[in-house]
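2 protein chains.
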Amino acid sequence: MGLNSNRVENFSDPEAPPPPPAIEATSVIQMPPVEVHRVCLPPLKTTAQKLRHRLSEIFFPDDPLHKFKDQSWLQKLVLGLQFFFPIFHWAPNYTLSLFKSDVVSGVTIASLAIPQGISYAKLANLPPIIGLYSSFVPPLIYSVLGSSRHLAVGPVSIASLVMGTMLSETVSYNDEPVLYLKLAFTATFFAGVFQASLGFLRLGFVIDFLSKATLVGFMAGAAVIVSLQQLKGLLGIVHFTTKMQLVPVLSSAFHQVDEWSWQTIVMGVGFLALLLITRLISIRKPKLFWVSAAAPLASVILSTILVVCFKSKLHGIKTIGNLPKGLNPPSSNMLYFDGPHLALAIKTGIITGILSLTEGIAVVRTFASLKNYQVDGNKEMVAIGLMNMAGSCSSCYVTTGSFSRSAVNYNAGAKTVVSNIVMAAAVLVTLLFLMPLFYYTPNLILAAIIITAVVGLIDYQAAYKLWKVDKLDFLACLCSFFGVLFISVPLGLAIAVGVSVFKILLHVTRPNTAVLGNIPRTQIYQNLTQYREAVRVPSFLIMAVEAPIYFANSTYLQERILRWIREEEEWLASNNRSNLKCVILDMTAVTAIDTSGIDTISELRKMLEKRSLKLVLANPVGSVMEKLHESHILESFGLEGLYLSVGEAIADISSAWKSQP
Amino acid sequence: MGLNSNRVENFSDPEAPPPPPAIEATSVIQMPPVEVHRVCLPPLKTTAQKLRHRLSEIFFPDDPLHKFKDQSWLQKLVLGLQFFFPIFHWAPNYTLSLFKSDVVSGVTIASLAIPQGISYAKLANLPPIIGLYSSFVPPLIYSVLGSSRHLAVGPVSIASLVMGTMLSETVSYNDEPVLYLKLAFTATFFAGVFQASLGFLRLGFVIDFLSKATLVGFMAGAAVIVSLQQLKGLLGIVHFTTKMQLVPVLSSAFHQVDEWSWQTIVMGVGFLALLLITRLISIRKPKLFWVSAAAPLASVILSTILVVCFKSKLHGIKTIGNLPKGLNPPSSNMLYFDGPHLALAIKTGIITGILSLTEGIAVVRTFASLKNYQVDGNKEMVAIGLMNMAGSCSSCYVTTGSFSRSAVNYNAGAKTVVSNIVMAAAVLVTLLFLMPLFYYTPNLILAAIIITAVVGLIDYQAAYKLWKVDKLDFLACLCSFFGVLFISVPLGLAIAVGVSVFKILLHVTRPNTAVLGNIPRTQIYQNLTQYREAVRVPSFLIMAVEAPIYFANSTYLQERILRWIREEEEWLASNNRSNLKCVILDMTAVTAIDTSGIDTISELRKMLEKRSLKLVLANPVGSVMEKLHESHILESFGLEGLYLSVGEAIADISSAWKSQP
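Respectively, the protein sequence lines represent chains A and B.
With the numbering used here, letter number 656 in the first sequence gets 656, and the count goes up by one each step, no holes.
With the numbering used here, letter number 179 in the second sequence gets 179, and the count goes up by one each step, no holes.
Be aware that one or more of the hints could be misleading.
If chains are identical, the list can't say which one is meant, so a pair holds when it fits in one copy or spans any two.
Mimicking EDC-like on lysine to aspartate or glutamate, the simulated pairs with C-alpha atoms at most 16 Å apart in a straight line are [claimed, not checked]:
id: 1; residue 1: 471; residue 2: 630
id: 2; residue 1: 100; residue 2: 559
id: 3; residue 1: 45; residue 2: 259
id: 4; residue 1: 76; residue 2: 57
id: 5; residue 1: 347; residue 2: 569
id: 6; residue 1: 76; residue 2: 570
id: 7; residue 1: 415; residue 2: 57
id: 8; residue 1: 468; residue 2: 626
id: 9; residue 1: 371; residue 2: 603
id: 10; residue 1: 581; residue 2: 569
id: 11; residue 1: 100; residue 2: 567
id: 12; residue 1: 69; residue 2: 570
id: 13; residue 1: 69; residue 2: 567
id: 14; residue 1: 627; residue 2: 533
id: 15; residue 1: 471; residue 2: 626
id: 16; residue 1: 325; residue 2: 635
id: 17; residue 1: 415; residue 2: 338
id: 18; residue 1: 468; residue 2: 599
id: 19; residue 1: 69; residue 2: 599
id: 20; residue 1: 67; residue 2: 376
To be clear, the hints were calculated from the coordinates, so they are not data collected in a lab.
Based on the sequences and whatever the hints tell you, model everything.
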């Protein structure tokens, strides 16, 4: 056992030569029957070094500045410019053929963005023109700051819906239009500030807490609510609830039967069917993506012509009416920084900000991975945030990258963000010259466009997969779905995030423990229930704890381990096997330990000692080893209490037993 | 490779014979160069079976009913009686020698419990007699229901303090004594209901979330506040704040200098010094525990005699005054179930309930582990809860097992809960006959007793150990200390619990990843930074992820793994080494995976494939394997993407490369 005398070793001095491997020592003394390796401590670090390492892992996991290393000052300046303004990165290599692709895709998404912009503004209870403004300035800002090549920027349904709901609960656009507009711009401003600071402070991981399961449920719930709300436009109802829960919306639709207009219903349902069919075609044959991309604008034109032609007969149909010509007016004077509704504006800003950020970043990541280029999520957040801050000063409301339009952009062959510039140019032309054409566009077509857009958000296949693979994920999904449907958007989201976090805590509070056995003729020890070929090692109980040992589970683990031992002893006694003599805890999956955990291990050792059982730890990872060492618990374990692997522990302890029977 | 064709295998039918071990197959065909084992799925279970297993792990980890298995009906009845009333367990074997020990220890704790009971009631702003009532009924109830042999039941400082603070913020005892009493009894009732239901629903793990670090800080903060509040008694101040924050208490003490009474100060400081010295003696020499145990009662007697003898000269000293003789009056008619303060009573009940439960269970566990007997935490919670519910109907306020008195009980040689019965008997005698003796007991002695008791709660050594071992634990400790001191008890606790939970989430959000190397001449692969002797395997990058892969970390892990690969490739290129060809993910410590994690693995595989790198998983644990299988991701990995150990993966892949150069 002379080999073990220095088994815990520190590499405090990085300059010192590495210690001779254990193998050499054995060859000098005499080959012992069992080769035993030392469990090492990780290199010693000061608290400041540890803190620095930890912070860099938390805030800079992707090491965004690695390109700047070992570069001259000039190169660093160029790289810095390219870092902050990606346009400098791609503009020098921009070619005519790239431009041709971008023009085609830009025009395609413009034909989608114009009707959707008008519709989504209605969804946020804002005047339709705000939707067009929001499709003009933000794409231009993004094209300078953004690094995604396929993101199509503009208003999106979820953020519009949430902003509309949250503001309308307190202020009605019909009663106080100026205050409502002020609040909308202020919420947009705070959304931008929140997004930019998340990115700037590199706290982007906050949006990861909206798990996919939560989002699937949330989006489906929002889509159902939004679609039902469109009954207002499709049925031609004038007095409709501004609430967003399922019950008031449905009762509002069916209590106002006298306001239903049959002309609106016939025309609305017709166009809705048309749009849904084009959507189906594009899903079935992805090459025909332009069918669904062109359909909204075509429907708008067609329905406007219909209304103009049959003006006298279709008097029941409500139209958009007069839209002001001209570019975005400045709105920085409308930002609202003190007054009774400031808290509402900030809250709305943060919630729409986080939702639009989630959508935008998901789009960016999806297309980056499809085309295999790298994007920095935190930098994108800054870009989206600055774009919203600029938008709030130029009569725009919250914008982000839209999933549906970005997919069209990608399919139409977009190569760079220039497609956004082309789209903005098309919107510019519309704003300057084509506004009067929308005078007779019926509201019902906007409702049909919204429904067609949000139907895609109901992803029942993803929900089914959640059910198949992970029941607790499915529960989170259901919670956010029903929460949004019956309570409210912020509460539904909060409940779903709560369920997701609870799932993590539950995993930590009640971790899995397993009894291991040896796979014959190997040094591999595996779970006995998972591997039938694994066999128990007589006199040993080998246990694996599959979680960090924390205050939240230390009591549980102690009870559970004692129960395993009790059950093992009962089984051995009833089968007339040899007594249990040693318990090995495989610590490979114990990725962290805190002070409560250390106390538990130490107490467990004492309890087992009283029952003349030996407790041995196998393969503690670096950080756990460090804490065990710092708490001086290793001294009580002695030299023979710590092994590098289960195999070595068993070999060494068995040989020690044999030599002293 | 014929061996691998069925590497993923299901043991769906528990009756089927186990599959032939891999070894046999090889001996029949032909010994291949590398022996490769299959990664198995755990036995297939239905959703209901999984749910049942999961629920039994959550609620019955200690399998409390295992004694009932395979017993006759009569035995089950006896065991059931013993289970619910532990008195049936020990009473049949009770002997005279046990009784002698219990009488000695019972009398000892009574001498401590009587002065402490009166003092703690003052701390809760209740009449002193309530403290004596609370030392009579609850110990009797506990002696029937409880299974700890050393718990000394009665009022405790922390719960008294918290109840006093929370109730006094809304209702003043001096202005509305009956309402205050009603609220105190009602809060006690709800504390009991909450405690009993936690135990009954087997949700005892809720108290584990008050980690040791949180409690160390909280207790120290509470002790500081309580001690400063006793300046009222020690200085003889009449008009004192009822607030509990540091600033108002200190300013109240030093703004009422004209109310200070020198006689009170001299006598108070003298007795405080005496009590602190006896405390020190008992700490230095544990055998002299009776010195500090007897000191409070001795001081009470001595100070009362002093006041009686020098009545004329000591008129500045306030005394307890008249206490009613007689047993606990019933108080069930004083419970308050509707009215404006019900919410306050419930909130106070829950917070004092959880705090007193935490103390009581910690005491139970400490002494059970010292004397090596088993206690069921959840059953103890039911006992403490029922005792408080009964207490609330007999003029008692919140009680639990006191740490200091239980330690004295243990040191005085208590053998069973009979010592509680003896103590209750002593209190009974006091209540019936000795109450007039307390008429001249000065209030200052109560203040001195409280300070001496709470000084022990300041555990600076534990705080120093937290700082040494775990900086985040220390932060939680500081948060609860300063939160209690400057904000309020519930908020301080909430902040500390938040920090503790944040620590868990941070560990999951930013898990450790490590690059592994082979320890020469073994099949062990270990962290390269921890083990200097470990060497890289050419053409392979072996990585270990030390956390479950969840929505909260899947993006981070993807970025971090890609960065490891990029850094490895840069290093290889700059050192003219052979190219990277294969990335092995050691999944041993990946104890769980959710749908986002599965997507990440699948996306990572696709991304690496585009860069012609092979991704291989080694040793996924049972639950992860199950999810990978259910999500059909294994099919995309193919037969060669999954190995039982890193060693087998390297051996098999290398030999495949050699055979097809």
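**Report entry** Those earlier numbered hints the structure runs against, lowest number first
**Finding:** Result: hints 2, 3, 4, 5, 6, 7, 11, 14, 16, 17 and 19 break, sorted rising.
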